[in-house]
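Construct all of the structure, not just a fragment, from the sequences and the given hints.
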Amino acid sequence: MPEPSFLFGQFLGGLTAAMFLFTIGAGLSLIFGVLRVLNFAHGSFYMFGAYIAWQVMTWLGPGTEYFWLAALGAATGVAVLGVVIERLLLRHLYGREELYQLLFTYALVLILADSVKIIWGTGQLSASRPPSMTGAVQIFGTTVPYYNLFIMLLGPAIALGLWLLMHRTRLGRMIRAAVMDREMLEALGANVGVLYTVMFAVGAFLAGLGGALVTPVKSIVPGMDVEVIVEVFIIVVIGGLGSLWGTFLGAVVFGQVLAFGILIMPRFSIFAVFALMAIILIVRPWGLLGKPLSR
Amino acid sequence: MYRRSLLVGASSLALAGSRAAQAQGVIKVGFPMILSGPGALFGEPAMKGAQMFVEEINAKGGVLGRKIELIPRDTKGNADEAVRQARDLILRDEVQFIVGTLTSAEGPAVSTIAKENKIVFIAPIPKTDQLTAPANLHPYVFRSSSNTTIEGRTAAEIVAKWPVTKIGTIAPDYAYGQDVTKAFVEHLKKIKSSVEIVDQQWPKLGEADYTPFINAQLGKKPEAVFSALWGGHFVTFAKQAKPLGYFKALNNNLIGVGEAGSIESTKSMGADYPVGIWGNTYDVFNWPDAPPAHKDYITRLKKYTNQEHPSSWPITGYIGMQFLTDAIAKAKSLDSDKVSAALKGLTIDCPLGSMTMRAKDQQANHGQFWGRTKMDPKYPFAILENVTRIDPEPFMG
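The listed protein sequences correspond, in order, to chains A and B. For the first sequence, my numbering puts the final residue at 384, and the numbers step up evenly by one. For the second sequence, my numbering puts the final residue at 401, and the numbers step up evenly by one.
Where hints are given, some of them may not hold.
Pairs of lysine to aspartate or glutamate, EDC-like flavour, derived with a Cα cap of 20 Å [claimed, not checked]:
id : chain 1 : residue 1 : chain 2 : residue 2
1  : A       : Lys206    : B       : Asp330
2  : B       : Lys348    : B       : Asp330
3  : B       : Lys225    : A       : Glu92
4  : B       : Lys208    : A       : Glu316
Treat the hints as calculated values from the structure; they're not laboratory data.
Right, dumping it as structure tokens:
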């Protein structure tokens, strides 16, 4: 039996991975929940977030506190990109069949992936954590880097923020109304088009933020878009597409299954995650906390 | 896609006439290599080395009076893609030879294509023993790089001298990682019976998050670790391991094979590099015992790549190409069987000294540089301290 401090370390490692995924997945889930569009290009937004953050850091000074500015700038940049895509392109597909939306967002994946290669090349880029986050703290005999601690706290903060936005603001009430009955809301004089754009921008912002924040921990490399979209799809399927807390739960489950799977049967931990997803799809297709689609 | 292949078909028809004439002129060499993703950290400079060699030999009139044309293709680090590119190079570009591939998944895959098409294939980088193992050996596959037996055993010789007995390993879960780890463990147990393998981690090749593997390994409390994570994979791993106190817990007793000590790896990490660990590399620009040929090579490389501190990987592409052209010159022919016969037992005089392609397993006696990394005020990145080139002969079996 391994020591408790080590199990705790493994738990925290899994939680850090989970909160990264939640930050990204929350945006995907949000966009689906409101716009009913399954955005394949969400992973591409994440990748753009990482590359833009790297670019801004390179301009401002790598390995400095400008990291935070770069991360916010990257997330904002991706949100703007999201607005442009939603207003100019995606908007025309709302009435169409879901298949067209899927094909469209898949085309976006290819276009954005090639754009990244053209702008930043195909090599691997690397960024450092900001100086204030290089240290680590000992918790129950486990070394926890400040940066991981920050990510672990950021996840719940984003969840809470989104919950407050949806349930405690006028915008949130309108969004929930739009989900229930778009025509009625429009008849009441609300501009649902703007509402959709805002939600798409918020979703893209979260993807971009996730991408920017991941740069000190992972490598910035073409292909990171597809890798993350697979993981994010798994967490939203496990938790329930369109459900905020479902996405949160899905991310935590994913992180822990992977972390402890490696401990118990190292070569099958990835298999375990996919098996879990398959079982949930069969037993409870709408996910742990999702609602069955009424359509 | 369909339209594109039609276009290509039409243009190749048009080219067919000129090509037949051209074929008398140039020697076409296909160069499938990882030119994108984490493997490009090594693949890109390897291609530069091959290109420099080709430019130099062409400036001297080529070989057998013919110029060499190098055709690089991106394999994306994927064996399927490498096979597709190799087939394409043979069928569409009509290359006469293939030098290339990087991973131990790509090398053996392209070897079967070379066998099918009777085209001499020189692997300048893939290390898996399986590539030239008796079961897979055929007249057209040669390896100019080191292999997993040489690398694993050399690392074992170094670790055996450390005052440690509890050993852990971490390696990507595919041919190279498995083979080199096996060679290391078997040889270490043979030369130092007191060692105990306390932990073995097998992340997948290209893993993005090593944290759970790092924690799991720390939990087993090894005193030293053998790592076979290479290229950008090592960079990602070290970036995640350092803040978790991994290298500190090991007292820097980590030996990183897969060229963790190469300038490409240390440069790309700068201050994030876990200085103090051991690593290997194919080349060092500041080799203290360098023969004049190496000094001259480094000077040319500096100029060619426009780098103040040139990369270590160009030598792999350079040596692979030199084996090929020396063999063509010796065979006085472009015929695959004649070049293959010329390659067996061929000794070349390369920048690292003389190197021989053994006839029995078509494997070059290519050893590597080893040393402990340290920061040197002269450079903004870690370098290898007391770097030595270790003779591979005793470990080649």
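Evaluated hints:
Pair hint A/Lys206 plus B/Asp330 does not hold up; C-alpha atoms about 37 Å apart against a cutoff of 20 Å. Annotation: proposed proximity of B/Lys348 to B/Asp330 holds, straight-line Cα distance about 12 Å (limit 20 Å). Taking the CA atoms of B/Lys225 and A/Glu92, the gap is about 11 Å. The hint holds against a cut of 20 Å. Between B/Lys208 and A/Glu316, the direct Cα distance comes to roughly 13 Å. Compliance with the 20 Å bound is thereby established for this hinted pair.
Hint 1 from the earlier list is the only one contradicted by this structure; the remaining hints agree with it.
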